[in-house]
Every structure is written in C-alpha cells, then in structure tokens.
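Chains A and B, in that order, are what the protein sequence lines are. According to the numbering used here, the first sequence is numbered sequentially starting from 4. According to the numbering used here, the second sequence is numbered sequentially starting from 4.
Everything labelled a hint here was simulated from the structure, so no lab data went into it. Just so we're clear, the structure is a prediction, and the values are computed from it rather than from any experiment. Do not rely on the hints blindly, as some may be mistaken.
Copies of the same chain are indistinguishable here, so a pair counts whether it falls within one copy or spans any two.
[Said to hold, decoys possible] Cross-link-like lysine-lysine pairs, in silico, DSSO-like; alpha carbons within 27 Å at most:
no., residue 1, residue 2
1, K295, K193
2, K99, K295
3, K99, K213
4, K295, K213
5, K99, K260
6, K260, K213
7, K220, K382
8, K220, K260
9, K193, K213
10, K193, K99
11, K260, K193
12, K382, K168
Protein chains: 2
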Amino acid sequence: MADEPPLPTRRALLKMIGLTAGSGTMLNAMASLGHARQSPYTGPPDLSGAPDGQSVVVLGGGLAGMCAALELRRAGYDVTILEYQNRAGGRCWTLKGGDQIEELGGYRQDVEFSDGQYINIGPWRIPHHHLAVLDYCHRLDVPLEVFVQENHNAYLHSANHFDGKPIRYGHAWADYVGQITELLGKATNKGALDSNLTQEDTEILLESLKSFGILDKDYRYTASLDIAEYRGYPDGSAPGGGLYDAAPEPSEPIALKDLLQSRFWQYMRNHTTYRHHAPMFQPVGGMEQIAKAFEREVGDLIQYNAQVTRVMQSEDSVTVEYNAADGQGEGGQITADYCVCTIPFTILSQLDVDVSPELRQVMRALHYYEAVKAGLEFKRRFWERDEQIYGGITLTDLPIAEIAYPSNEMHSSGPGVLLGAYVYGPHAYAYNSMSPEERLESVLEYGAQIHPQYRDEFTTGVVLSWHRVPWMLGCYSNWDERGRDYEVAATMDNRFVCAGEHISYLPGWQEGSLLSALDAVRQIHERATTSQ
Amino acid sequence: MADEPPLPTRRALLKMIGLTAGSGTMLNAMASLGHARQSPYTGPPDLSGAPDGQSVVVLGGGLAGMCAALELRRAGYDVTILEYQNRAGGRCWTLKGGDQIEELGGYRQDVEFSDGQYINIGPWRIPHHHLAVLDYCHRLDVPLEVFVQENHNAYLHSANHFDGKPIRYGHAWADYVGQITELLGKATNKGALDSNLTQEDTEILLESLKSFGILDKDYRYTASLDIAEYRGYPDGSAPGGGLYDAAPEPSEPIALKDLLQSRFWQYMRNHTTYRHHAPMFQPVGGMEQIAKAFEREVGDLIQYNAQVTRVMQSEDSVTVEYNAADGQGEGGQITADYCVCTIPFTILSQLDVDVSPELRQVMRALHYYEAVKAGLEFKRRFWERDEQIYGGITLTDLPIAEIAYPSNEMHSSGPGVLLGAYVYGPHAYAYNSMSPEERLESVLEYGAQIHPQYRDEFTTGVVLSWHRVPWMLGCYSNWDERGRDYEVAATMDNRFVCAGEHISYLPGWQEGSLLSALDAVRQIHERATTSQ
Numbered sequence: 004m005a006d007e008p009p010l011p012t013r014r015a016l017l018k019m020i021g022l023t024a025g026s027g028t029m030l031n032a033m034a035s036l037g038h039a040r041q042s043p044y045t046g047p048p049d050l051s052g053a054p055d056g057q058s059v060v061v062l063g064g065g066l067a068g069m070c071a072a073l074e075l076r077r078a079g080y081d082v083t084i085l086e087y088q089n090r091a092g093g094r095c096w097t098l099k100g101g102d103q104i105e106e107l108g109g110y111r112q113d114v115e116f117s118d119g120q121y122i123n124i125g126p127w128r129i130p131h132h133h134l135a136v137l138d139y140c141h142r143l144d145v146p147l148e149v150f151v152q153e154n155h156n157a158y159l160h161s162a163n164h165f166d167g168k169p170i171r172y173g174h175a176w177a178d179y180v181g182q183i184t185e186l187l188g189k190a191t192n193k194g195a196l197d198s199n200l201t202q203e204d205t206e207i208l209l210e211s212l213k214s215f216g217i218l219d220k221d222y223r224y225t226a227s228l229d230i231a232e233y234r235g236y237p238d239g240s241a242p243g244g245g246l247y248d249a250a251p252e253p254s255e256p257i258a259l260k261d262l263l264q265s266r267f268w269q270y271m272r273n274h275t276t277y278r279h280h281a282p283m284f285q286p287v288g289g290m291e292q293i294a295k296a297f298e299r300e301v302g303d304l305i306q307y308n309a310q311v312t313r314v315m316q317s318e319d320s321v322t323v324e325y326n327a328a329d330g331q332g333e334g335g336q337i338t339a340d341y342c343v344c345t346i347p348f349t350i351l352s353q354l355d356v357d358v359s360p361e362l363r364q365v366m367r368a369l370h371y372y373e374a375v376k377a378g379l380e381f382k383r384r385f386w387e388r389d390e391q392i393y394g395g396i397t398l399t400d401l402p403i404a405e406i407a408y409p410s411n412e413m414h415s416s417g418p419g420v421l422l423g424a425y426v427y428g429p430h431a432y433a434y435n436s437m438s439p440e441e442r443l444e445s446v447l448e449y450g451a452q453i454h455p456q457y458r459d460e461f462t463t464g465v466v467l468s469w470h471r472v473p474w475m476l477g478c479y480s481n482w483d484e485r486g487r488d489y490e491v492a493a494t495m496d497n498r499f500v501c502a503g504e505h506i507s508y509l510p511g512w513q514e515g516s517l518l519s520a521l522d523a524v525r526q527i528h529e530r531a532t533t534s535q
Numbered sequence: 004m005a006d007e008p009p010l011p012t013r014r015a016l017l018k019m020i021g022l023t024a025g026s027g028t029m030l031n032a033m034a035s036l037g038h039a040r041q042s043p044y045t046g047p048p049d050l051s052g053a054p055d056g057q058s059v060v061v062l063g064g065g066l067a068g069m070c071a072a073l074e075l076r077r078a079g080y081d082v083t084i085l086e087y088q089n090r091a092g093g094r095c096w097t098l099k100g101g102d103q104i105e106e107l108g109g110y111r112q113d114v115e116f117s118d119g120q121y122i123n124i125g126p127w128r129i130p131h132h133h134l135a136v137l138d139y140c141h142r143l144d145v146p147l148e149v150f151v152q153e154n155h156n157a158y159l160h161s162a163n164h165f166d167g168k169p170i171r172y173g174h175a176w177a178d179y180v181g182q183i184t185e186l187l188g189k190a191t192n193k194g195a196l197d198s199n200l201t202q203e204d205t206e207i208l209l210e211s212l213k214s215f216g217i218l219d220k221d222y223r224y225t226a227s228l229d230i231a232e233y234r235g236y237p238d239g240s241a242p243g244g245g246l247y248d249a250a251p252e253p254s255e256p257i258a259l260k261d262l263l264q265s266r267f268w269q270y271m272r273n274h275t276t277y278r279h280h281a282p283m284f285q286p287v288g289g290m291e292q293i294a295k296a297f298e299r300e301v302g303d304l305i306q307y308n309a310q311v312t313r314v315m316q317s318e319d320s321v322t323v324e325y326n327a328a329d330g331q332g333e334g335g336q337i338t339a340d341y342c343v344c345t346i347p348f349t350i351l352s353q354l355d356v357d358v359s360p361e362l363r364q365v366m367r368a369l370h371y372y373e374a375v376k377a378g379l380e381f382k383r384r385f386w387e388r389d390e391q392i393y394g395g396i397t398l399t400d401l402p403i404a405e406i407a408y409p410s411n412e413m414h415s416s417g418p419g420v421l422l423g424a425y426v427y428g429p430h431a432y433a434y435n436s437m438s439p440e441e442r443l444e445s446v447l448e449y450g451a452q453i454h455p456q457y458r459d460e461f462t463t464g465v466v467l468s469w470h471r472v473p474w475m476l477g478c479y480s481n482w483d484e485r486g487r488d489y490e491v492a493a494t495m496d497n498r499f500v501c502a503g504e505h506i507s508y509l510p511g512w513q514e515g516s517l518l519s520a521l522d523a524v525r526q527i528h529e530r531a532t533t534s535q
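Make the full structure from the sequences, and use the hints.
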C-alpha cells in the first residue's frame, strides 16, 4: 500500500548514528501504529554527553539561529548569538503600527496600521505537517489559529477574460472538473479508453465520474439544481426559508472553452499542493509570536546591532569580527569552538569568511528569489461584509498576483489588513525599481480592478521589496540544481556550519530553517563528542 | 457570465412587497458592485408601522422561535414564547459536563466531559454563505472561529479494502484526480475526444490536464517527486533540512483499480458541496453560544417547561393550551392575535391543532431523518499528536460513517472530544434500538478499527439518538417532493404560521430556521398591517 512503505533502513540509520528521538514514546507509538509521519522531524535531538566548556557562536538571530542556540545551550554549550538588527526573528517578521522599514537606497516606510492590525511580511502560514515548527510552538506556548488557504468564494481574475471581472474560485473549479469529467465519460462510453481496466472496473469508473463530476444520467454537466448544490447558486437564488425568495434556482456553468482560454486551470491545484494541504495554521497575533517565543528562551544570549564583517578559522577555534550595525556602538571580536552561520548567502558571500573554496563557490552561486509584498489596511472588512470572502486568496494575472484576506479577526466590525500583493518574477524587478510610494499606488490601482471598494476604504499601507532589505537582499533561496552544491553548503566546514531555510529542501519555509538548525547542531555535537 | 446574472425582477419584487433591507446600504453597495449574493437574506426585515397592542404567541424557543420573537418585539408586538424544555435553543445544543440527556424509553445519560470540553450534538458548522446566521452572530456578539471541514490528512477507511487500513484523504484524492486526468489525456491525444472544442482549445485542454492532474511530459501520472509535491511523501521521506534525512523521496500512487473498487471516490466531493465550501465556521465555546445570544435578547419572553397540548383558532385570535412539561408545575392558556409555531411536525401532528385539513395532512406526511451522534472524550488528542489530523472528518463505510475531529482547542495538550459517529440511514435504526451503553460500546469498537489508540485513551462519552429525543422524535426534515405541500406548510393558516428548518429549502441548517422565522414574521406583519 502506497500509504505506508516499510522503512527499516531509515529507522536503523536513525539508531546507528545516535540521533534517537527526544520524544521517543511518540516515535515508537507511531511506528507500532503504522501511521505515516510527514516530516523527518522526530523531536529535538538528543545532545547528551556534550564536553564541558565548549562554546558556539551563532551568526544571525532568526529562527534557525535561535533554535540552534536553544538546543546547544540546553546541551551544555556556551552560546552567543550575533544579530545585525535590534530585533530577533529575521524574516519571521510581523509589521505593526509604529514599526519602521528601511531598505537600500535610503527608502524608509513608517507602518501606521491601527492597534492590533498587522501583516506577516515574511512567512505567513504553517502546514500541518511541518512538525518541527508545530512542536516548537507547542513547547514554547505559541497559540495557533487556522490559516484559511483555500477559499471557494475568493476570486480568480484575469485582466483579459470575462470582461476583466472576477470569477468565484468555486465556480471555476466545479465547472472545470465537471466538464473534463464529462469529456472522459463520453470517451469511456464510446469505448475510446486506453486503459488496463477490466470491464467491471470501467463500469465503476463511469459511476465514479458521475459522482465526481456531478454529471447527469447522460454523463452531461449542465445547468441544474444538482450542479448548483456543488458550484453554488445564481445571485440571490440560493435556497431560503418560508415562501419569500426561498426556492433555489439552477446554476449555469461557465463554458469550458472560456475556462480553458482564461487559463484559470493553472490555479486549480494551488491549494492542493502538499505544502498547502488543509488545514494550515498561523500564530495568534502574528508570525513574530514564534520569534518572540524563541527570544524568551535565548534572548539573553543575543548581542543585537552586531554586523559580522569577518570569520576566521583555525584548527581549534573560530573567530568572528563584527561592527556596530548602526555605526553608533562598539564592534568587537568573539572566539568560540564552533560557529553556526545563518547569514543568507546573498550577504555572506560578500564577507571575508575563511571557508573552503568549494563552500565559497556555492555561497556565490546560490540565487535567491525576489518578492515584493504589500500590507494594506482598510477601514472596513468589505471583502467579508460585501463579498463573503473570509480568508483565502484571490489569484490574478495582474502583477500583484495575489490578494490574500486575513485569517485573523474574521467577522470583526473593525478595520482589516490584507496582503495586497505577492509579486514575484519579472514583475518584482519592476517593483524593486519603484519608490515605496509608487509601489503602493500601483498595488492600489491593480487591486481596485478586483475590489472597487479599494479607493474608498483604504487608509494606510506598506510595500516591502525583499531584494532591498539590507540584511537579506532577497526573499528566499532558489536551488535550481542541488547535487553536490547542496551537500557542500550543508556540511560542516572545519568548525563552521551553515543553517537557515537555504540549507534545506524546504526553501522559504520556517520548517526548513528549524530542521537545518537541528542538523547543524547535530554536526557540531558529533564533532565535539568524537574529537575529545 | 454565469457568475452574475441580472435579476431586476427579483429586486423589483423586493421593493414592491415592501421588504426593503434593514441594511440597505450594504445591499445597494452589493448591487452596484455586481458581486454575487449567496443567500436571499438581505438583513432583518423592515417591520415598521405595526399596529398597537397586537400580540403573538411563539411555540418553541429554538433559533426560529427566538429569532421571530426578537424581530416581532422590536417591531412593537407583544410576544410570549412557550418552550417545552428548561433551556432555550432546541437543536442548537452543546453538551458539556454536568448536562443530562433524556430519551424516550427512560434512557438517561449523564455527560461527564472535562471542564471546557463539549460536543455540538445538533448543528455543528456554519457555511460562509449562511448570511442570516452570520449576521445575527455579528449583531448579537457571538465570536466565531474556523470549522475545519476538509482535511487532506484525515482518513478514508473501508473495512474491506486496503486491508482495512485507513488511507489519507489527500493521497486518495490526488491519485484519483491524477489517474482520471491521465485517462482523459490519453483519449484526447489519440483523437478520441467527442467535444465541440477547436483544435487550439483542445491543445489548451491537454496543457490544462497536465497541470491539473500533475501528469508528466507523456501525460502519465506516475511515482515521482512531482506528484509527491501534491499527494505527499512516503513515510518519513518528506523534504527536510541539513543533511540528515533531508532529501525527499518519490511517492508511489495508489492504483486506480484499487481506488475504484474501494469506492472512496464517493467521498471526493463531500467537501466541495456548496454547503461545505471552505471556509466554514463554528461559535467559540460551542454552537449553543448562538442560542445563548438570542436568549440574552428574548429570554424574558420565554415561559419554560411549557408543553403545548392544543391550539385553537378563531376569526380574531389564537388560543394555546399547555401543561407543565415536567408534570410538576401549573399548565395554562394563552390567547394572542397570532401564533408562530416552530414545533417540529413529528410532535405537532400528534397535538390537537386547529388548522386547515391541507396543513394537517402535510404535518402528518412529512418525514424526518434519523441520526445518531456520539461525543467521545479522550485523555490525549492523539489524532493531532500522533497522526497530524487537526479538525476535519474521517469517512468510513463502517456504521459510524464519520469521525470528526474538533476544530476547537487544536494543538492543546489537554483532552479532546471528537464526534465518534454520525450514523444515518438503516444503521441509525439499529442504534436507535440499543441502550446508550450498547451504542457507546459499538461506537468505540468501530472507531478502534481506525484509531487503535481509542481503548487506551477513552475516558467518557455520550451517544444521542435523535429519534428518541422527546421534543424532536427525529433529527431534521426530509422533503422528498415539495410541490404544493411545502407551500401549504409555509403559508399562514388563518392566524397560525409555521417556522423552523422544516419550513425551508435548507433542512437541518440553522440558516433555514432563521430565514423561515423571518418569513413567518413577514406574513404576520403583512396581515396585521393590511387588516387594520
């Protein structure tokens, strides 16, 4: 059965290299039940037996750096974190009223959201199978709430199709599925199927197509109350009560050729990728609650405002030099036995770092995705009250690409902040070259094509260009081909080991940061315990 | 465009009969934007101009009765509610520790859930397009949270397929969609398609099938990292970080013939019916929060413990006789100008009610669905911690039919209550004939086939048979054919008008109860204002 392949070698390996699970009971329970695990995470690593007096300097106080520090200190290592900013968390970042954003080129934006309003300008959602993130949230008391990813009532929009008017996602989805199923039903019925199915299975297939596509007795997907029960009803003609406007009316599907030409089908698996499988989660109060939870644990280890300039290695130590990032304080130098470096390769490749030529080469080669994200506050949650869109994402072929509606404070009477743009690819380069004011105007202009309420209801907004963020110079890593390069990047180089989302198979996801940090910690501990 | 048909006659009718929206601004905004409305609800009715001194007796203090009372009193009518139980809300009912359930046959169950734990034993979810329910929640300050309906990580289970082991819903869904899309791709490629599509559109169709089905360049759905990105990865082989178990492994699909024979395809539109479109909601703290909110408004009008025995009508009044439901207090008699009757037809048809022969005939004929629901408390939320199932529903061909995981307190370390059975059809009759203890044992026995943790973790549970609930004798109405019968049931009979989910096109849904109540109120107000 595809669901539960036996993996004795993996388990055996697990024991062999001594990385037994911290929560072994859970792991054993899982194994005996035969239930699938969806992540390599099996609990925090067992770092018992750490030698006395060993020290680690961690570069970067984002999630990877703080997670590494937490586990290393717990194991008895002496840890210091150097952080460029005056806040911990890195890209785990929530913008709220009173915050300031600085970008290269002297651009500065003041965030003026109302009390309690925010935008998660970096990561914004947590899959239910990101076991490390969920487990740390659990252990560090970070309350979570559901993040609505798929919303059948959100829109699909194209400037050049359906007169530029948005279509409800649920309509397009049901009509595409219904009509391709109808085509398959017809082909099957005329014996045109090229399959290995027996006659009996072919009959079950036909039955299943009727059920899945909502086809009538002649295998047609046509206007009817039956399809309305799945796609929805015409405007104002949903089932009601009593006598008044109560009887539902049949619903007319969108023609297949129009759906095909609109290319809306491109979006129809967006919410059923594994990483977006329902349900997803977000921390109550903003993604930064995860950063703050880690900071509560290891904040005392963090030296803020420390801009790393140089990393030197010897046979028995690592020395890191740093300046005051704001040019105001004192710089300094730290020597430790090991170094965990979470600085993104965009930045690290520009520093004087004493690593192998191979690692240096990989640092320079790794490309980062560009992305521009906008947070827009509106006086009124018109998407909820006028259009019944609670959370979820509208997808458009305009440069803004997405409008994502907040999953927090749904149904409230107050204002709301939505993600007004998630720009990537060539459009992001265009936005990168605009001033923040120009970007905002552009985002509002495009958004108003989908929600005409924009201009009346808008109060304040920010548009962040991740390529211009001085401590990132990009959004997240883009491994075209991993091969040997990834292995080099992820392997300890003398006493220096990298961590962060870029050192993972989950680029851009916090799970990747945490898992890479745990592996960095594993490598240090292995080295520390075997080299005694 | 199918999305937004013009409905001038509907709007015209709206104004003509004087039912202008209470929230007219919203309605106008909607109309001018051309956005779809998904319900006939346009705000509470305008009941201005009610004559002085008119009275209404409302039979039943469930949602329909309380909603009617709220609007009638607001309009100036003198209202009394007679309620059989000592609590308001009817089927809007949340069972908590300390509650007692009484059923016909002398069965009594004491609910012994831990503090804060509950089961919504009646309605348990609110669609985002049930505008009346949402608007009343908004106006009566009932906080809502997301109800997780579709969960890709919940199970599909059959006693007779896949060795009786549960399959993840997301695996079955992706593999069924992938493989039927592959079949259609093959048929299209060999020119066997029977469609009106142009050659150009047929090429777009092929491109769309690749995208929707996750097909390879040869239009095959086969084991690969590509399909793993959608269906999920093999056990323990999801993408990780660093070097340790980090590289993901390809995922092997379930064979189409096995999926067909399992009949799991029957479940694949369960979560994409219009009434289950994501997102859905539930009140924080239990569904009864809606009942409690209405009770805060109209509780002073309710006479509890009043068992209606007779309804008499004259040309100018309605008189209702009632007994003390518990046999302990005094009965009585109330005369009013009008009567809104929300007593289910299962009960009402047994009483001495002075209505037209047509209405009496309809009351007797209406069938009600049977249903048995179980709430089971477990020490530990093993479905979350062991199996990463947060909310959503497991579907099985065992008599329990469903196991639904709680959407409240997800990620908590404490106990949890899940819906251990939602039995309907012939199986419900079988459960109806069992004692509560026998039902519970059966529900645990079946559930343990899916979750072996059941026996170790179970603490306490209740199993309610709706057919044995003395004030219901059924779960919700089942209109096979509406036709003239529905019109009779929903039309005012002299001074007597029925309301409740049975007087709606949304049987079993609270939206139906509220909309029917608003229409009953409309009919009374129309009669009262025109007969002066």
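Here's how the hints hold up against the structure:
Taking the shortest Cα distances, K295 and K193 never come within 27 Å of each other, neither inside one copy (63 Å) nor across copies (59 Å). With identical chains, the CA atoms of K99 and K295 are at most 27 Å apart within one copy only, with a shortest distance of 14 Å there and 35 Å across copies. In this assembly of identical chains, K99 and K213 lie within 27 Å of each other by CA distance neither inside one copy nor across copies; the values are 50 Å within and 42 Å between. Proximity of K295 to K213 under the C-alpha cut-off of 27 Å is found in neither arrangement, the shortest distances being 51 Å within a copy and 43 Å between copies.
Neither within a single protomer nor between protomers do K99 and K260 lie at most 27 Å apart by alpha-carbon distance, with minima of 45 Å and 53 Å respectively. For a Cα distance limit of 27 Å, the shortest separation of K260 from K213 qualifies both inside one copy, at 21 Å, and across copies, at 17 Å. Taking CA atoms no more than 27 Å apart as the test, K220 paired with K382 passes in neither setting, with 50 Å inside one copy and 48 Å between copies. For the identical chains of this complex, K220 and K260 are neighbours both inside a copy (23 Å) and across copies (23 Å), given an alpha-carbon limit of 27 Å.
Proximity of K193 to K213 under the C-alpha cut-off of 27 Å is found in both arrangements, the shortest distances being 16 Å within a copy and 23 Å between copies. In the homo-oligomer, the alpha carbons of K193 and K99 never lie at most 27 Å apart, since the shortest distance is 61 Å inside one protomer and 57 Å across protomers. For the homomeric pair K260 and K193, the shortest alpha-carbon distances inside one copy (22 Å) and between copies (20 Å) are both at most 27 Å. Taking identical chains as interchangeable, the C-alpha atoms of K382 and K168 lie at most 27 Å apart only when both belong to the same chain, with a minimum of 24 Å there against 51 Å between chains.
In terms of the numbered hints stated before, the structure departs from hints 1, 3, 4, 5, 7, 10, listed from lowest to highest.
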